[in-house]
Amino acid sequence: MTLRESATRIARAGMVITVLALAGLAAVYVRALRYTPVEMNQGAAQKIFYVHVPAAWSALLAISITGLLSILYLWLKDRRIDLAAAASAEVGVAFACVMLTTGPIWGKPIWGTWWTWDARLTSTLFLFLLFVGYLVLRGVLVDPGIRGRLSAVIGIMGMMLVPFIHLTVYMFRTLHPAPIVLKPSAPSLPGVMLVTLMSSLGVFTLLYIGFMMQRYALGLLREAREEELAHAS
Amino acid sequence: MPPDNGAFMVAAYIVAAVIVVGYAISLALRIREERRRSGG
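Which chain is which? The protein sequence lines are A and B, in order.
Going by my numbering, the letters in the first sequence line up with residues 1 to 233, in that order.
Going by my numbering, the letters in the second sequence line up with residues 1001 to 1040, in that order.
In case anyone wonders, no lab produced these hints; they're calculated from the structure.
Predicted, not measured: the structure shown is a model, and the values here were computed from it.
Where hints are given, some of them may not hold.
Here are the simulated distance ranges between beta carbons [said to hold, decoys possible]:
| no. | chain 1 | residue 1 | chain 2 | residue 2 | range |
| --- | --- | --- | --- | --- | --- |
| 1 | A | T205 | B | I1025 | 50 to 60 Å |
| 2 | B | A1007 | A | L137 | 19 to 29 Å |
| 3 | A | T113 | B | R1037 | 19 to 29 Å |
| 4 | B | I1025 | A | Y35 | 26 to 36 Å |
| 5 | B | I1025 | A | G112 | 18 to 28 Å |
| 6 | B | P1003 | A | R79 | 46 to 56 Å |
| 7 | A | A186 | B | R1036 | 47 to 57 Å |
| 8 | A | T113 | B | M1001 | 15 to 25 Å |
Chain A residues, not near chain B, derived (Cβ > 12 Å throughout) [what the hints assert, rightly or not]:
| no. | residue |
| --- | --- |
| 9 | I48 |
| 10 | W75 |
| 11 | V91 |
| 12 | G103 |
| 13 | A119 |
| 14 | L125 |
| 15 | L130 |
| 16 | L220 |
Cβ coordinates follow ideal geometry from the N, Cα and C atoms, glycine included.
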């Protein structure tokens, strides 16, 4: 099987998964908006939690996978691993956009401000900007070897920030709520709300997989075209 | 009575959907364009 054929197969599989995940997202919207009760203290704005938390989970998952793939790339020097790391980084930036827009929309009615420069928000914004820089860097570097090595270093640095971001709510005084699911004790959320949150987490994880496969296939298709051009000239 | 802030919830759900669906469309279009450029 040629590189182009395998890329086409991955793109098709990724498309199917993405369509299924988007249908799942529509179902999550219906469940969250129609069938999940309104929280008494925060009101309807609390429901923003069902998209904000899964988007944050997918963004941090994508960035962690970028870091792991970056380590693998520096070890094995396989360009397909570099392409996969770049694919995961771009998907992570997309999910970070959801996280960084829905967060302030929740913050305004609950905190009374769109943004505050506390440890959790500032470190998350820094991570987002780091990965925007990662993508810009990849766009300007022509040599694949240099591009792969430099972006792998940024990818690993970004991954190292992920546990720090998770722990900021324990390490610093911050307005951001502490985790209610990813914590040592049992989740502190009523059952019906927990089911909605877990469904949304599943759907966003599936979206990550579908997006990642499509973006990786796009990288492979570009690679195949560049190889064909190099052979032709 | 819970506070009346439903408009923020609606805004957040719309923004999230626009970003996610927009990115899905962007990926599909870029893959189609890449396949067209390479004649596949």
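Is the claim that I48(A) lies outside the interface with chain B correct, judged by CB distances over 12 Å?
violated, 4 Å
Reported absence of G103(A) from the contact zone with chain B (all CB gaps over 12 Å)
Its Cβ does come within 12 Å of chain B, the nearest being 9 Å, so this is violated.
Taking the closest pair, is the beta carbon of A119(A) still more than 12 Å from chain B?
holds, 23 Å
Reported absence of L220(A) from the contact zone with chain B (all CB gaps over 12 Å)
violated, 10 Å
Regarding I1025(B) and G112(A), is the given constraint of 18 to 28 Å on their beta-carbon distance met?
violated, 36 Å
Do the Cβ positions of I1025(B) and Y35(A) conform to the proposed distance bound of 26 to 36 Å?
At roughly 28 Å between Cβ atoms, Y35(A) and I1025(B) fall inside 26 to 36 Å, so the hint holds.
Between A1007(B) and L137(A), is the Cβ distance one that fits in 19 to 29 Å?
Violated, since A1007(B) and L137(A) (Cβ atoms, about 39 Å apart) do not stay within the stated range.
Taking the Cβ atom of T205(A) and the Cβ atom of I1025(B), is their distance within the range 50 to 60 Å?
violated, 21 Å
Between A186(A) and R1036(B), does the C-beta distance stay in 47 to 57 Å?
Between A186(A) and R1036(B), where Cβ atoms are some 52 Å apart, the hint holds.
Can you tell me whether the CB distance of P1003(B) to R79(A) sits inside 46 to 56 Å?
Check passed, 53 Å falls within 46 to 56 Å.
Is the Cβ of L125(A) farther than 12 Å from every Cβ of chain B?
holds, 16 Å
Could you check the hint for me, namely that T113(A) and R1037(B) are 19 to 29 Å apart, CB to CB?
Violated, at about 47 Å.
Of the hints listed earlier, those the structure fails to meet are numbers 1, 2, 3, 5, 9, 11, 12 and 16, in rising order.
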